[in-house]
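*Asks:* Now for the letters of each chain:
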Amino acid sequence: MKPLLIAAGLALALVPIWALESFHLFQLTLAVIMALAVLGLNIVTGYNGQISLGHGAFFAVGAYATAIPMSLLDWSFWATLPLSAMVCGMVGWGVGFPALRLGGLYLALTTFALAVAVPQILKHKAVEAWTGGVQGLFLLKPEAPTWLALNPDQYMYVVALLVAGFCYLLTANLLRGRIGRAMMAVRDNPTAAEAMGMDLASLKTRTFAVSAIITGMAGSLSAAVVEFVAPDSFTFILSISLFVGMVVGGVGSILGSVFGGLFVLFVPNLAEAISRSAPGVIYGAILILFLFILPDGVAGLVRRFTTKKRIIPGRETS
Amino acid sequence: MDGFAHQLIAGIATGGIYASVALALVMIYQATHHVNFAQGEMATLSTFIALTMIQAGLPYWVAFFATLVVSFIIGALVERILMRPVQNAPVLTHVGVFIGMLLIISNATGWVFGHTTKAFPTPFQSDGLLFGGLVSAHELGSTAVTLAVLILVYLFFAHTSLGLAMRAAAYNPRSARLVGIRVGWMLALGWGLAAAIGSVAGMMVAPAVFLDPNMMLGILLYAFAGALLGGIDNPAGAVGGGFAVGVLENLAGAYVVGTELKLTVALVIIIGVLVVRPSGLFGRVVFSRV
Amino acid sequence: MGMTRMLLEVKGLRGGYGPIQVLHGIDFLVEQGSVTALLGANGAGKTTTLRALCGMIRTEGEILFQGQRITGMATEEIARLGVAHVPDGRGTFMELTVEENFRLGAYTRRDGEVQADFARMWAWFPRLKQRWKQQAGTLSGGEQQMLAIARALLMRPKLLLLDEPSFGLAPLIVQEIFGIMRRIREESGVGILLVEQNANLALELADRAYLLETGSIVTSGPAAEIRQDEAIRRAYLGY
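Residue numbers (this note's numbering), protein chains in the order written: chain A, 1 to 318; chain B, 1 to 290; chain C, 1 to 239.
Be aware that one or more of the hints could be misleading.
Stated by the list, open to error - Distance windows between CB atoms, simulated:
#  : chain 1 : residue 1 : chain 2 : residue 2 : range
1  : C       : M94       : B       : S161      : 16 to 22 Å
2  : C       : E176      : A       : I293      : 52 to 58 Å
3  : A       : N173      : C       : V218      : 32 to 38 Å
4  : B       : S161      : C       : F167      : 27 to 33 Å
5  : C       : L29       : B       : S161      : 48 to 54 Å
6  : B       : N88       : C       : G179      : 37 to 43 Å
7  : B       : A236      : C       : Q134      : 18 to 24 Å
8  : C       : Q134      : B       : N88       : 33 to 39 Å
9  : B       : A119      : A       : L83       : 42 to 48 Å
10 : A       : N151      : B       : A119      : 49 to 55 Å
It is worth saying that the hints were derived from the structure and are not from the lab. Beta carbons are placed, not taken as given, at the ideal position from N, Cα and C, and that holds for glycine.
In isolation and in its complexed conformation, chain A is listed as follows (with noise of 0.2 Å):
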């Protein structure tokens, strides 16, 4: 049964590839972006009950490591990936690793630290020349290859996907295994983890890094979809934006990201339709709702109706 669902899944997903126009396709290769962001802030928060306020802050460095070689360098946009990857790990291990070894209270300040800093970082004198300043930089959409016949919205829409999907299988198997299971463990009972030999610092951490290196990923997508990175694409709203995608969406759900993601993206934009202020209240009054009457998000509510199995509730694994 599942192979089949997984095969109609991926069907459905191509499909948009002919059937929406540029705009609409555009939109929904950023809903896909985001549902990624939301994943890698799922990993650290939800599967090892981490908080963390400054995803954006990696999103932010994923965009840049693809902006500046893409833009000042001409490199392509494949080659920005790992490098890409290799600056988010390290950023990611270098905020985490001093706050994980304390308790989660000061990740989350740590890291809300982080997310105010960062665009002041980004639009410094020093670091302009690369960065572009407070301008931001410009980028080309990559061209899809000769043999496919795609235009460059529909070949970022499948990059999107595949680099999404490769992230969201990595992210499945490695949470099905005994990774996963160590994760789950120090957040459902960090004592009773510690007492049997898990070292608790160094797996925070490197569960850290690794959510660094997958919001990252989103981050570098979105900078060749959107053509353009500017310092102020990536203030504090962002990281909180993850954050309540991630609530709404499901914690600890690999499907509540890809809620969270669609959250993200599109309630902004109804909600700007109001008024300008009307986003962050709408978001802070969604958010308080969600976590006194849904903690377990949209998700959680999916699964209430699909299965029949007693829930546990915040201990899903999938």
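With chain A fixed as given, assemble chains B and C onto it according to the hints.
*Replies:* Chains B and C alone, transformed into the frame defined by chain A:
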């Protein structure tokens, strides 16, 4: 040397602001073991309220004290309405509620008061600098006000029954109940007091940085750094840390990294403290709260 | 005139932690001005009973304090009615000074005799007066127990609940503390409900005793009788 002395004193003035917010953060942390990420936004809201009163014609100091009272009430209400229902929920829920509050308050403030930057008056007027170019009247006045607030808060906690009861409720809620202390009310009081302190910080900093809905985010970050530096479970340490961060920030901004990177200084301080001495200079040793 | 009103009447008390039920419906009484002992082995539910009386855990059943129903009341309200609980672990405010602990004991009092009571406590516990400005956490175990009792007495309670006052203390100190309890009974007329593992000492002091085993009362009676009943002692008290 003139420049240095001025930077030092200006640093102390801003340090007073950070120390106040740091104190508010530590008060709530001690009582609930949670960090109020929305502390800055609450202070901004208070400052807007003050501005509204002033623009309506109230004399500055009347508006000042009225804002203190209103902020106190708002803080206490937030605790009762938002924090009470989730008091036994997991950490993620708590952080989420704080973030939700941050979003709502900051955006509602923008919606009600508008997003344009506004000038906020200072009661301490001077043309140019005093004491031979060392300090402006506002810097001097704001330092005096924040110091006065900090001293009053200290006296309240150290020498009044209510202050003692609040400390007891923060240290040991179970035993506090056993002697008849209504711990729930103590929490609401603590939040109210923290909000009032934050409002003072907001009103003192607004004349210098101008008032807009995002005014306090950077300041909140510095207050975090100060609280961590001094020891997040130690109110006196947090105050000292706040002053230290103010001076460090100013000196670093003037002589090392330039003013555009000041927020990064806060980030570096935070990470530095966590790497070198997580309990801060004066806090108790942190056991990895696993 | 009639019978003196019961200080504490408990009927069908049930309670526990989360899904775990510890007390399975117990009944007991505490008379005004008397010492009642609640005995039993580890895990019998003695501490749980005291917690139930103070509203610290979920409970069902009837708890009447001076005729008033207190089941389901908040802990701090029960304390304000006149129930002073010295919990397991003593419940001292470790970070605060001895003086501050005293002041907290008297926190809810509105009469003018607090200073006089301080003086009385200093007379009963001179060591506490010596350590007046010291942090409570620096006191020895015995001194902390005395501080906990002093703090409870400063509430001018009508009922004093003591959870294993002898726990972890040297025999000499334990004697001192039981001496204090005798003084309490004689001089202040406060009713005492004493939970103790040291059954012998408890039975020497108490007027009445209840034996608790896995959440139920298995026997009860005048303390003197239980003390002399070898069968009961061997079966439930281990001596």
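*Asks:* Hint by hint, which ones does the structure fall short of?
*Replies:* When the structure is compared with the hints, numbers 3, 5 turn out to be violated.
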